[in-house]
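Asker: First residue of the sequence shown: 3, per the working numbering; consecutive thereafter.
Hints should not be assumed to be uniformly reliable.
[Unchecked claim] Only pairs whose alpha carbons sit at most 30 Å apart, straight line, appear in this in silico DSSO-like list of lysine-lysine:
| id | residue 1 | residue 2 |
| --- | --- | --- |
| 1 | K41 | K136 |
| 2 | K38 | K77 |
| 3 | K21 | K127 |
| 4 | K76 | K58 |
| 5 | K41 | K77 |
| 6 | K136 | K21 |
| 7 | K21 | K99 |
| 8 | K58 | K99 |
| 9 | K136 | K13 |
| 10 | K127 | K41 |
| 11 | K127 | K38 |
| 12 | K76 | K21 |
| 13 | K77 | K58 |
| 14 | K77 | K21 |
| 15 | K13 | K58 |
| 16 | K99 | K38 |
| 17 | K92 | K58 |
| 18 | K41 | K92 |
| 19 | K76 | K38 |
| 20 | K38 | K136 |
| 21 | K58 | K136 |
| 22 | K76 | K41 |
| 23 | K21 | K41 |
| 24 | K58 | K41 |
| 25 | K99 | K41 |
[Unchecked claim] DEER-style ranges, computed between Cβ atoms:
| id | residue 1 | residue 2 | range |
| --- | --- | --- | --- |
| 26 | K92 | E126 | 38 to 46 Å |
| 27 | R90 | A9 | 35 to 43 Å |
| 28 | K99 | R124 | 34 to 42 Å |
| 29 | N112 | K21 | 16 to 24 Å |
| 30 | N64 | S16 | 14 to 22 Å |
| 31 | F118 | Y61 | 13 to 21 Å |
| 32 | S132 | T50 | 26 to 34 Å |
| 33 | S91 | E128 | 33 to 41 Å |
| 34 | F118 | N31 | 16 to 24 Å |
| 35 | E105 | L133 | 26 to 34 Å |
| 36 | Y101 | S132 | 28 to 36 Å |
Hints were generated in silico from the structure; no laboratory data involved.
C-beta: ideal position from N, C-alpha, C; glycine also.
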Amino acid sequence: MKQDSIAIMIKAASVEFDKLSNQILADYNLTHSQFKVLKFILREPELTVRQIDIEKFFYMTNPSVTGLLHNLEKKQMIERIPNPQDHRSKVIRLTEKVYEMEEQLSQIGNTLEERFTQNLNREEKEQLRSLLRKMLGNCVN
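The whole structure should be built from the sequences, with the hints applied where relevant.
Answerer: Shown next, in the form of structure tokens:
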């Protein structure tokens with residue numbers, strides 16, 4: 003049966019991307035969710051990322067992010083420390099273990115995107131990015 007519902011196709015694409023990424027990331031003992039959180043923290047200025055920032059950026063719930071961060075702590079990849087700007091909150095600090103993997107993490111991200119979009123040409127990839135940005139612009143937080 004052919005499915006033309008955009009919402010269902012987006013969800014199916016997300017599920018398939020998670021499957022692909024989890025296969026590739028298994029060798030690094032990371033899930034896709036853990037990987038994307040590490041990549042997010044790596045690209046932000048050091049000691050500025052709070053749990054709420056991750057929740058908002060990825061449209062995730064507090065309990066989901068709490069679990070992710072807890073598992074990354076168990077893997078000794080992050081630490082939650084008092085925020086130097088506001089001691090009432092905590093920021094997430096990456097450990098040396100993550101910084102040693104930084105180049106690999108970047109390559110994995112490139113590989114994931116390339117494998118998932120391999121059937122699209124450059125123009126189609128840019129069009130897809132543009133359309134997704136428009137769709138996400140309609141979302142209310």
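Asker: Please go over all the hints and tell whether each is borne out by the structure.
Answerer: Quick rundown of the hints versus the structure:
This hinted pair checks out: K41 and K136 have alpha carbons roughly 23 Å apart, not beyond 30 Å. Note on K38 and K77: the hinted pairing holds, with a Cα-Cα distance of about 15 Å set against a maximum of 30 Å. Taken as a hint, the K21 and K127 pair is honoured in the structure, with Cα atoms around 20 Å apart against an allowance of 30 Å. With a CA separation close to 23 Å, the supplied pair K76 and K58 stays within the 30 Å bound.
Of the pairs offered as hints, the one joining K41 and K77 holds, with about 16 Å between alpha carbons and a cut-off of 30 Å not exceeded. Restraint check for K136 and K21: the C-alpha separation of about 26 Å stays at or below 30 Å, so the hint holds. For the given pair, K21 sits about 25 Å from K99 by alpha-carbon distance, which is consistent with the 30 Å threshold. Taking the CA atoms of K58 and K99, the gap is about 26 Å. The hint holds against a cut of 30 Å.
The hinted pair formed by K136 and K13 meets the criterion: a straight-line CA distance of about 17 Å does not exceed 30 Å. A hinted pair counts as satisfied when its Cα atoms are at most 30 Å apart, and K127 with K41 qualifies at roughly 21 Å. A distance of roughly 20 Å separates the Cα atoms of K127 and K38; the hinted pair therefore holds under the 30 Å criterion. A hinted pair counts as satisfied when its Cα atoms are at most 30 Å apart, and K76 with K21 qualifies at roughly 23 Å.
A hinted pair counts as satisfied when its Cα atoms are at most 30 Å apart, and K77 with K58 qualifies at roughly 24 Å. Distance restraint check for K77 and K21: the Cα-Cα separation of roughly 21 Å lies within the 30 Å cut-off, and the hinted pair is therefore satisfied. Restraint check for K13 and K58: the C-alpha separation of about 19 Å stays at or below 30 Å, so the hint holds. A C-alpha spacing of about 16 Å is found between K99 and K38, which places the hinted pair at or below 30 Å, so the restraint holds.
Restraint check for K92 and K58: satisfied, since their Cα atoms lie roughly 16 Å apart, inside the 30 Å limit. With a C-alpha separation of about 19 Å, the suggested pairing of K41 with K92 holds against the 30 Å cut-off. A distance of roughly 17 Å separates the Cα atoms of K76 and K38; the hinted pair therefore holds under the 30 Å criterion. Distance restraint check for K38 and K136: the Cα-Cα separation of roughly 22 Å lies within the 30 Å cut-off, and the hinted pair is therefore satisfied.
The hinted pair formed by K58 and K136 meets the criterion: a straight-line CA distance of about 18 Å does not exceed 30 Å. With a CA separation close to 18 Å, the supplied pair K76 and K41 stays within the 30 Å bound. For the hint linking K21 to K41, the alpha-carbon distance of about 18 Å falls within 30 Å, and the restraint holds. Our distance criterion of 30 Å between C-alpha atoms is met by K58 and K41, whose separation comes to about 15 Å.
Distance check on the hinted pair: K99 and K41 sit about 14 Å apart at the alpha-carbon level, within 30 Å; holds. The hinted range of 38 to 46 Å is satisfied by K92 and E126, whose Cβ atoms lie roughly 42 Å apart. Separation of R90 from A9 is about 39 Å and conforms to the stated range, judged on CB atoms against 35 to 43 Å. Between K99 and R124 the Cβ separation comes to about 35 Å, which falls inside the hinted range of 34 to 42 Å.
The hint said 16 to 24 Å for the Cβ distance between N112 and K21, and at roughly 18 Å that hint holds. Between N64 and S16 the Cβ separation comes to about 21 Å, which falls inside the hinted range of 14 to 22 Å. Between F118 and Y61, the C-beta spacing of about 19 Å keeps the proposed range 13 to 21 Å intact. One distance hint, 26 to 34 Å for the beta-carbon pair S132 and T50, holds here, with the actual separation near 29 Å.
Separation of S91 from E128 is about 38 Å and conforms to the stated range, judged on CB atoms against 33 to 41 Å. For F118 paired with N31, a C-beta distance near 21 Å keeps the hint of 16 to 24 Å intact. Here the CB-CB span from E105 to L133 is close to 31 Å, well matched to the stated 26 to 34 Å. One distance hint, 28 to 36 Å for the beta-carbon pair Y101 and S132, holds here, with the actual separation near 33 Å.
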